[in-house]
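> Spelled out from the first residue to the last, the chains are:
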Amino acid sequence: MNDDDIHRYLDGEAEVQGLDGNALAEARSWERMLAAFRTAHPATPAPSWIEDRVMAAIEALPEPGPVARAWGWLVRPRPVRLSPGLVGLAAAVLVALVLLHGRALRTPAPRPGADEAAVVYVQFSLTAPGAQSVAVGGDFDEWQGTHVLEDPDGDGVWTGRVAVKPGIHTYMFLVNGSRWVTDPRASSYVDDGFGNRDAVLAVAAPAT
Amino acid sequence: MATTAERTDAQVVRDVIQGDRDAYRLLVRRYGDVLHSHAVRMVGSQDVAADLVQDALVRGYRRLSSLRDPDRVGAWLFRILANRVRDHLRSTRRKEISLHVVPPVPGERRDPEEEASGAEVHERVRRALGRLTPEQREAFLLKHVEGRSYEEMAAVMDLSVAALKMRVHRARDALRVLLKEFA
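Protein chains in written order, with the numbering used here: chain A, 1 to 208; chain B, 1001 to 1183.
What the hints contain is simulated information worked out from the structure, not anything from laboratory work. Heads up, some of the hints might be wrong.
Only pairs whose alpha carbons sit at most 20 Å apart, straight line, appear in this in silico EDC-like list of lysine to aspartate or glutamate [claimed, not checked]:
| # | chain 1 | residue 1 | chain 2 | residue 2 |
| --- | --- | --- | --- | --- |
| 1 | A | Lys-165 | A | Glu-142 |
| 2 | A | Lys-165 | B | Asp-1069 |
| 3 | B | Lys-1165 | A | Asp-155 |
| 4 | B | Lys-1180 | A | Glu-31 |
| 5 | B | Lys-1165 | B | Glu-1120 |
| 6 | B | Lys-1180 | A | Asp-3 |
| 7 | B | Lys-1180 | B | Glu-1120 |
| 8 | B | Lys-1165 | A | Glu-142 |
| 9 | B | Lys-1180 | A | Glu-15 |
| 10 | A | Lys-165 | A | Asp-141 |
| 11 | B | Lys-1165 | B | Glu-1146 |
| 12 | A | Lys-165 | B | Glu-1120 |
| 13 | B | Lys-1180 | B | Glu-1123 |
| 14 | B | Lys-1180 | A | Glu-26 |
| 15 | B | Lys-1165 | B | Glu-1152 |
| 16 | B | Lys-1165 | A | Glu-15 |
| 17 | B | Lys-1165 | A | Glu-13 |
| 18 | B | Lys-1165 | A | Asp-4 |
| 19 | B | Lys-1180 | B | Asp-1158 |
| 20 | B | Lys-1165 | A | Asp-141 |
Computed spacing ranges between beta-carbons, pair by pair [what the hints assert, rightly or not]:
| # | chain 1 | residue 1 | chain 2 | residue 2 | range |
| --- | --- | --- | --- | --- | --- |
| 21 | B | Ala-1155 | A | Glu-59 | 46 to 56 Å |
| 22 | B | Asp-1173 | A | Pro-184 | 26 to 36 Å |
| 23 | B | Ala-1010 | A | Ala-56 | 20 to 30 Å |
Backbone N, C-alpha and C fix where the C-beta goes; we use that ideal spot for every residue, glycine too.
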């Protein structure tokens, strides 16, 4: 029996006809077990009070002040849509420029890791003795708090490096997976509009 | 003018950001059940799951203006919840979660012998699932219980298809051993 065949079958990438006797028996066994998993874990609608509590919590938040609104407008990501015609025109202009000045233009050889040059590794650090986990989240990860910091020697100083694109960013630390904490050592802050202060991080483009 | 029910996710997100707080209620209604079902399956407690969903939805509101693609606010909220659930499982350091509070499947009536056998199987699969890592449990549930394709999972979890396949494969390998152990 080949485990890969079973995985491919369960992933929907192989037909049952392609399985030999033992694999077929295992596949059938898995089908029964997966059905049991589904019936043991039915959909559970959210209780109605969640909506009320969420809306009450939102209503209790202070209105964003004008500074916070202005900051939010400045740093809000915006999709850029270009029409095919505009892209074609831009490409034609670029080609013309290259042709006209081709001899003057020198294209540097691509550096190793050039694709990664757009990010800068930033060292984050928070002193939080007794914390069970510390992560950092900000506009660079849509405030998911997925970048986990480490405290390998247990001295309460949590550190970690995060790849961040050049620009102005805001961030906070997420302690024990539930409490957002402002970086006490940041050089500047901005009101997030809800009573907290986001730390501001200015990341310069790497030198070429 | 579009009625409330017809508003797209992107329109609702824009309205909320522009100050219509009550519009957020629409997103809570649209995605609350999906979020809650996932959280219950992951943590095994309806009370804990409800708290996590509430927290994720409030957190989503607070950070709504950082959302890059308002059309995909559902996937974004799911990602916030999934992160919150994983953090909860890590912080509580529960290696084997209790899943006894998951309600029985409504509807079907079976004879007592079949009922006992079904309950035994359910207990086995719940215990086995509780022994997986949070990441493996999450990938397995999305794939085999919630019935999502790898492409859908990748879009929701912001991970590659290859990484998710690896998690599901490892989950199945672990479950194969655990289910024999619990037999």
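> Decide, hint by hint, whether the structure agrees.
Results of checking the hints against the structure:
1. Under the criterion of a C-alpha separation no larger than 20 Å, the hint pairing Lys-165 (chain A) with Glu-142 (chain A) is consistent with the structure, at around 13 Å.
2. Between the alpha carbons of Lys-165 (chain A) and Asp-1069 (chain B) the distance comes to roughly 18 Å, so the proposed pair stays at or under 20 Å and holds.
3. Taken as a hint, the Lys-1165 (chain B) and Asp-155 (chain A) pair is broken in the structure, with Cα atoms around 37 Å apart against an allowance of 20 Å.
4. Restraint check: the Cα-Cα separation between Lys-1180 (chain B) and Glu-31 (chain A) comes to about 16 Å, which is no more than 20 Å; the hinted pair holds.
5. For the proposed pair Lys-1165 (chain B) and Glu-1120 (chain B), the alpha carbon gap of about 29 Å is over 20 Å, so the pair is violated.
6. A hinted pair counts as satisfied when its Cα atoms are at most 20 Å apart, and Lys-1180 (chain B) with Asp-3 (chain A) qualifies at roughly 17 Å.
7. Between Lys-1180 (chain B) and Glu-1120 (chain B) the alpha-carbon distance is near 14 Å, which keeps this suggested pair within the 20 Å criterion.
8. At most 20 Å may separate the alpha-carbon atoms for a hinted pair to count; Lys-1165 (chain B) and Glu-142 (chain A) exceed this at roughly 25 Å.
9. Between Lys-1180 (chain B) and Glu-15 (chain A) the alpha-carbon distance is near 26 Å, which puts this suggested pair outside the 20 Å criterion.
10. Pair hint Lys-165 (chain A) plus Asp-141 (chain A) holds up; C-alpha atoms about 11 Å apart against a cutoff of 20 Å.
11. Pair hint Lys-1165 (chain B) plus Glu-1146 (chain B) holds up; C-alpha atoms about 15 Å apart against a cutoff of 20 Å.
12. Our distance criterion of 20 Å between C-alpha atoms is broken by Lys-165 (chain A) and Glu-1120 (chain B), whose separation comes to about 52 Å.
13. Distance restraint check for Lys-1180 (chain B) and Glu-1123 (chain B): the Cα-Cα separation of roughly 13 Å lies within the 20 Å cut-off, and the hinted pair is therefore satisfied.
14. At roughly 13 Å between alpha-carbon atoms, Lys-1180 (chain B) and Glu-26 (chain A) fall within 20 Å of each other, so this suggested pair holds.
15. For the proposed pair Lys-1165 (chain B) and Glu-1152 (chain B), the alpha carbon gap of about 12 Å is at most 20 Å, so the pair holds.
16. Distance check on the hinted pair: Lys-1165 (chain B) and Glu-15 (chain A) sit about 18 Å apart at the alpha-carbon level, within 20 Å; holds.
17. Note on Lys-1165 (chain B) and Glu-13 (chain A): the hinted pairing holds, with a Cα-Cα distance of about 12 Å set against a maximum of 20 Å.
18. Simply put, Lys-1165 (chain B) and Asp-4 (chain A) have alpha-carbon atoms about 12 Å apart, close enough for the 20 Å limit, and the pair holds.
19. A distance of roughly 33 Å separates the Cα atoms of Lys-1180 (chain B) and Asp-1158 (chain B); the hinted pair therefore is violated under the 20 Å criterion.
20. Using a Cα cut-off of 20 Å, the hinted pair Lys-1165 (chain B) and Asp-141 (chain A) is violated, with the two alpha carbons roughly 23 Å apart.
21. A hinted range of 46 to 56 Å is violated for the C-beta pair Ala-1155 (chain B) and Glu-59 (chain A), which are about 32 Å apart.
22. Between Asp-1173 (chain B) and Pro-184 (chain A) the beta carbons are some 45 Å apart, a value that contradicts the proposed interval 26 to 36 Å.
23. Range check, Ala-1010 (chain B) to Ala-56 (chain A): about 26 Å between beta-carbon atoms, so the 20 to 30 Å window is met.
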